[in-house]
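Trainee: Sequence:
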Amino acid sequence: MQKLSVTIIALNEARSLPACLASVAFADEIVVVDSGSVDATREIAEAAGARVIHEAWRGFGAQKQIAVEAATHDWVLCIDADERVTMPLQAAIRAAMANAPPACQAYRFARANRFMGRVLRHGEGYPDWSLRLFNRKAARWSQDPVHEKVVLDDADSCGTLPGDLLHESAESLTDYIVKQNRYSSLAAEREVAAGKSSGVAQLVLSPLLRFVRFYIFKLGFLDGKAGFTHIAIGAFASFLKHAKILAMQESGECARLPPRHR
92 MQKLSVTIIA LNEARSLPAC LASVAFADEI VVVDSGSVDA TREIAEAAGA RVIHEAWRGF
152 GAQKQIAVEA ATHDWVLCID ADERVTMPLQ AAIRAAMANA PPACQAYRFA RANRFMGRVL
212 RHGEGYPDWS LRLFNRKAAR WSQDPVHEKV VLDDADSCGT LPGDLLHESA ESLTDYIVKQ
272 NRYSSLAAER EVAAGKSSGV AQLVLSPLLR FVRFYIFKLG FLDGKAGFTH IAIGAFASFL
332 KHAKILAMQE SGECARLPPR HR
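Each residue of the sequence shown is one higher than the last, beginning at 92 in my numbering.
Think of the hints as simulated: they come from the structure by calculation, not from any bench.
Hints are supplied without guarantee of correctness; some may be wrong.
[As the list claims (entries may be wrong)] Here are the computed lysine to aspartate or glutamate pairs in the DMTMM-like style, where the Cα-Cα straight-line distance is at most 20 Å: (1) K270 with E341; (2) K94 with E160; (3) K316 with E262; (4) K270 with E259; (5) K240 with D173; (6) K228 with E120; (7) K228 with D245; (8) K287 with E341; (9) K240 with E341.
With the sequences and hints as input, model every part of the structure.
Mentor: So, in structure tokens, the structure goes:
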């Protein structure tokens with residue numbers, strides 16, 4: 092068997108962490124990178140046999156890469172504290188790790204999101220392909236502060252595993268909307284820093300096309316009220332991102348960015 096490390100970044104995740112840890116108990120090692128929890132996160136992780144490392148928050152991409160580098164084994168599975176590795180996915184991961192070396196350098200799998208009490212199976216919420224299992228010698232997390240992704244040296248060396256990663260978010264609808272507002276700000280700042288701009292056309296068309304794509308063509312309407320709400324909030328987040336980019340352009344904030352950020 093190929094040795095496997097599981098990495099988790101956490102902050103005040105005492106409520107979600109036990110089920111998360113139980114779902115990855117099959118791994119050879121669990122590493123939890125905590126960014127300053129004041130609840131029982133650390134104690135829960137250590138009681139489950141995880142190795143806990145304290146690291147000040149550096150943004151999602153950087154924080155996850157720190158966790159990867161802290162792992163003992165080269166093969167890592169990166170999940171969040173509110174995610175669960177389902178039994179079918181566990182079996183698929185164990186089967187992939189049974190080969191030394193595995194057939195691919197990285198693997199993706201579907202992520203199922205529970206939203207407003209319903210596991211979404213269409214639209215933007217599913218299959219939500221997630222590349223989370225990889226050889227750290229051939230891949231790494233991007234340094235994006237939000238919407239981070241795994242960057243693979245050879246895109247053709249990625250396989251697909253059956254089974255779902257279940258996202259069991261316990262946040263309220265209000266908290267979810269607040270998070271989307273925060274994420275839209277980070278995304279706007281990232282695009283401006285990369286020299287991108289926006290206009291009225293993007294402001295109007297981006298959210299509209301996003302809604303049509305996921306609600307109609309990706310069958311989001313089959314997920315009922317939860318599906319409609321999920322996609323509508325996503326479309327509004329797209330509107331917010333472009334509105335914030337426009338506001339930064341109008342205020343001259345883009346011009347004030349240092350050259351390395353423009």
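Trainee: What hints, given by number in increasing order, does this structure fail?
Mentor: 1 and 9
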